[in-house]
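Number of protein chains: 2
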Amino acid sequence: MNSENTHKFDYQAMLDWAIACLQSAGASAEVARTTAYYLLEGDMLGYRTHGLVRLYDNMRWLRDGKSRTEGEVTVVSDRPAIACWDAGFLPGPYVMPKAIQVAIDKAKQCGTGTMLLRRSQHVASLAAYLSLATEQQLLISVMASSPGQRAVTAHGGKQAVFSPNPFAIGVPTSSQALIFDISLSMTAAGKVRQAKANGQRLPYAALVTADGEWSDDPHTFFAENASAIAPLGGAQLGYKGYGLTLFSEIWSMALSLHGRQAGADDGDANSVWIQVIDPAAIGDYAAFQAVTDELLQAALNSAAIDPPVRLPGQQSHAHKQRQLRHGVEFSDAILRVLQRCADDRQLPLPAER
Amino acid sequence: MNSENTHKFDYQAMLDWAIACLQSAGASAEVARTTAYYLLEGDMLGYRTHGLVRLYDNMRWLRDGKSRTEGEVTVVSDRPAIACWDAGFLPGPYVMPKAIQVAIDKAKQCGTGTMLLRRSQHVASLAAYLSLATEQQLLISVMASSPGQRAVTAHGGKQAVFSPNPFAIGVPTSSQALIFDISLSMTAAGKVRQAKANGQRLPYAALVTADGEWSDDPHTFFAENASAIAPLGGAQLGYKGYGLTLFSEIWSMALSLHGRQAGADDGDANSVWIQVIDPAAIGDYAAFQAVTDELLQAALNSAAIDPPVRLPGQQSHAHKQRQLRHGVEFSDAILRVLQRCADDRQLPLPAER
Numbered sequence: 001m002n003s004e005n006t007h008k009f010d011y012q013a014m015l016d017w018a019i020a021c022l023q024s025a026g027a028s029a030e031v032a033r034t035t036a037y038y039l040l041e042g043d044m045l046g047y048r049t050h051g052l053v054r055l056y057d058n059m060r061w062l063r064d065g066k067s068r069t070e071g072e073v074t075v076v077s078d079r080p081a082i083a084c085w086d087a088g089f090l091p092g093p094y095v096m097p098k099a100i101q102v103a104i105d106k107a108k109q110c111g112t113g114t115m116l117l118r119r120s121q122h123v124a125s126l127a128a129y130l131s132l133a134t135e136q137q138l139l140i141s142v143m144a145s146s147p148g149q150r151a152v153t154a155h156g157g158k159q160a161v162f163s164p165n166p167f168a169i170g171v172p173t174s175s176q177a178l179i180f181d182i183s184l185s186m187t188a189a190g191k192v193r194q195a196k197a198n199g200q201r202l203p204y205a206a207l208v209t210a211d212g213e214w215s216d217d218p219h220t221f222f223a224e225n226a227s228a229i230a231p232l233g234g235a236q237l238g239y240k241g242y243g244l245t246l247f248s249e250i251w252s253m254a255l256s257l258h259g260r261q262a263g264a265d266d267g268d269a270n271s272v273w274i275q276v277i278d279p280a281a282i283g284d285y286a287a288f289q290a291v292t293d294e295l296l297q298a299a300l301n302s303a304a305i306d307p308p309v310r311l312p313g314q315q316s317h318a319h320k321q322r323q324l325r326h327g328v329e330f331s332d333a334i335l336r337v338l339q340r341c342a343d344d345r346q347l348p349l350p351a352e353r
Numbered sequence: 354m355n356s357e358n359t360h361k362f363d364y365q366a367m368l369d370w371a372i373a374c375l376q377s378a379g380a381s382a383e384v385a386r387t388t389a390y391y392l393l394e395g396d397m398l399g400y401r402t403h404g405l406v407r408l409y410d411n412m413r414w415l416r417d418g419k420s421r422t423e424g425e426v427t428v429v430s431d432r433p434a435i436a437c438w439d440a441g442f443l444p445g446p447y448v449m450p451k452a453i454q455v456a457i458d459k460a461k462q463c464g465t466g467t468m469l470l471r472r473s474q475h476v477a478s479l480a481a482y483l484s485l486a487t488e489q490q491l492l493i494s495v496m497a498s499s500p501g502q503r504a505v506t507a508h509g510g511k512q513a514v515f516s517p518n519p520f521a522i523g524v525p526t527s528s529q530a531l532i533f534d535i536s537l538s539m540t541a542a543g544k545v546r547q548a549k550a551n552g553q554r555l556p557y558a559a560l561v562t563a564d565g566e567w568s569d570d571p572h573t574f575f576a577e578n579a580s581a582i583a584p585l586g587g588a589q590l591g592y593k594g595y596g597l598t599l600f601s602e603i604w605s606m607a608l609s610l611h612g613r614q615a616g617a618d619d620g621d622a623n624s625v626w627i628q629v630i631d632p633a634a635i636g637d638y639a640a641f642q643a644v645t646d647e648l649l650q651a652a653l654n655s656a657a658i659d660p661p662v663r664l665p666g667q668q669s670h671a672h673k674q675r676q677l678r679h680g681v682e683f684s685d686a687i688l689r690v691l692q693r694c695a696d697d698r699q700l701p702l703p704a705e706r
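Quick mapping for you: the protein sequence lines, in order, are chains A and B. Heads up: the first sequence is residues 1 to 353, going by our numbering. Heads up: the second sequence is residues 354 to 706, going by our numbering.
Incorrect hints may have been included.
[To be verified] Taking beta-carbon pairs under 10 Å as the criterion, some of the chain B residues facing chain A (in silico):
#: 1; residue: L368
#: 2; residue: I372
#: 3; residue: L469
#: 4; residue: G509
#: 5; residue: V514
#: 6; residue: F520
#: 7; residue: S527
#: 8; residue: S528
#: 9; residue: L537
#: 10; residue: I603
#: 11; residue: W604
#: 12; residue: H611
#: 13; residue: R613
#: 14; residue: I635
#: 15; residue: I658
[As the list claims (entries may be wrong)] Cut-off 20 Å, straight-line C-alpha distance, at most; resulting in silico cross-link-like pairs (SDA-like, lysine to any residue):
#: 16; chain 1: A; residue 1: K191; chain 2: B; residue 2: Y592
#: 17; chain 1: A; residue 1: K191; chain 2: B; residue 2: Q589
#: 18; chain 1: A; residue 1: K108; chain 2: B; residue 2: V429
#: 19; chain 1: B; residue 1: K544; chain 2: A; residue 2: A235
#: 20; chain 1: B; residue 1: K461; chain 2: A; residue 2: K191
To be clear, the hints were calculated from the coordinates, so they are not data collected in a lab. Bear in mind that the values here come from a model prediction, so they are computed numbers and not experimental data. All residues carry an ideal CB built from backbone N, CA and C; glycine is no exception.
Sequences are here, hints too, so could you generate the full structure?
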């Protein structure tokens, strides 16, 4: 958090406050509970750009009618191993756990279970949902895209075509679950916003300007002839990130039959691909776990440049344990957003610890 | 092909010759036909490091008993949407089309169909198999790993832990299918071999030496204290390629219940994840195609640095059309391998065109 101060709050007090804010903005009790919980879970796991910093937007969407305050999804189709829902702009953190539960049920029945969502309001941090599957000894992969957003170029392009799509997997192990959640581009839009807000350059040239130059200046991303984020791999290997981005756009948007033309006015809403796999459908769960543990141990034990090799999610688990014990941490910048929510709803923030 | 000569052969004559070589090495007619066809298809699509250059190895494995010359797979498990086979070292190009056909049948029944293979002898180019699904208006994704090989580091590591795992997708469109086939590391082992054979450096520093230095020298990869390939993303974003590599290793190896300890002596044999998806299970196929076409057109039409943006697979289709018309092309280096096969089997190569 750089030279900023860190503000600590009791986890339960912060959760209760966020629920109250969302209810005050019109959300049903259940919508408020799930939205507050999964936003805060993003902070707990260290995904600060996709945590409670999004609370103000979520409240605004509820008040403006861009998020539904309650209601049901529309089932577009339902087959034994796959189903598609139109969420009709229900909040993402309310729809995602329901969709994952159906994917879990399908996986237990068929071996794999796949759910497609269209018009889910913004789902925030994919990492926050993975434990729903991993705690039941199931594997999960999730991809999301935003039909109404363009921020990422094709490889060799200098014009935004795609959204900065997250890709996440969760894998149960004999100890902590493996949690992996990345954007398939050189950086995420939230990180560009964060760098601009902090008056910093990006740590590397992740942007391509309208003139076709590579840049690490976040201001170019918000300029009139805006720069765009390059796909993972950069100037030399960007064809890999480009193909992976097409993978995420086709699997989430084309399979849910709702593309960038139909979704041009969807704002921040997401199309989502969710797949759960039951290793017990293939054989003995212990045999699956033994191979997974062996693969992860080999990585952990391998000779490292400096510092030692870590597992994906290892830091997230440490963030969560620390914050459960010592309080949820927010930077000055995020606290300003939370204070704005408090002022807006006339619901004072909990006391700092 | 640099300053090398290009040698052209009639497609059918080259296929017949490769089939004869494999039969002479002990393969059944069907094993020989499929192995020759899919190796040659790698060349047709431009995947030269995974084409007929592998014919000599395939013949050697058949003669040495490392590949079975005929026979059946063992079904490990079979559920409605997923099955796992132990291929018992049947040649990959013989097993892969059979497995994809089962995945297709499952997808048509359940919406998705997943196949796991363990102990498939080397599958060569994943791209070569994708049209089996795309020609039936189905999507396909494939990942492979090699339990007996270590060539890729963890992020921050300087020791080989993983294999250089390919990831491929095929998507039907209203014109040519999208074909995407990459390694999830900074480069593939075949490309390092090729650079060394051609006396060239790699185009960028893709290797980490035992001293923890980045290198573009292919000789370090074959030295005593060998360098290893870094995961996609390099020094700054390698945690992304590291997680994607773990994804491919867990989805292919752990789910097929056969890891690096059990497979330590598997040589080049692969563990494979195959998944086929039927868009018609979700809704109108035309609606799926419309969104896919729209996404691809947006990329094609976007402003480019120079030259224009291409689609994954666009070059592969052009390679195949050209070679069908004017003959299959081989470099001097690959021709030397083919001549070695011809000498070994006393089966003269077809005449050059």
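A quick look at each hint next to the structure:
no., hint, result
1, L368, "violated, 29 Å"
2, I372, "violated, 32 Å"
3, L469, "holds, 7 Å"
4, G509, "holds, 5 Å"
5, V514, "holds, 5 Å"
6, F520, "holds, 8 Å"
7, S527, "violated, 12 Å"
8, S528, "violated, 15 Å"
9, L537, "holds, 8 Å"
10, I603, "holds, 6 Å"
11, W604, "holds, 8 Å"
12, H611, "holds, 7 Å"
13, R613, "holds, 6 Å"
14, I635, "holds, 5 Å"
15, I658, "holds, 4 Å"
16, A:K191 to B:Y592, "holds, 16 Å"
17, A:K191 to B:Q589, "holds, 15 Å"
18, A:K108 to B:V429, "holds, 18 Å"
19, B:K544 to A:A235, "holds, 19 Å"
20, B:K461 to A:K191, "violated, 41 Å"
Consistency with the previously given hints fails for numbers 1, 2, 7, 8 and 20, ordered from lowest to highest.
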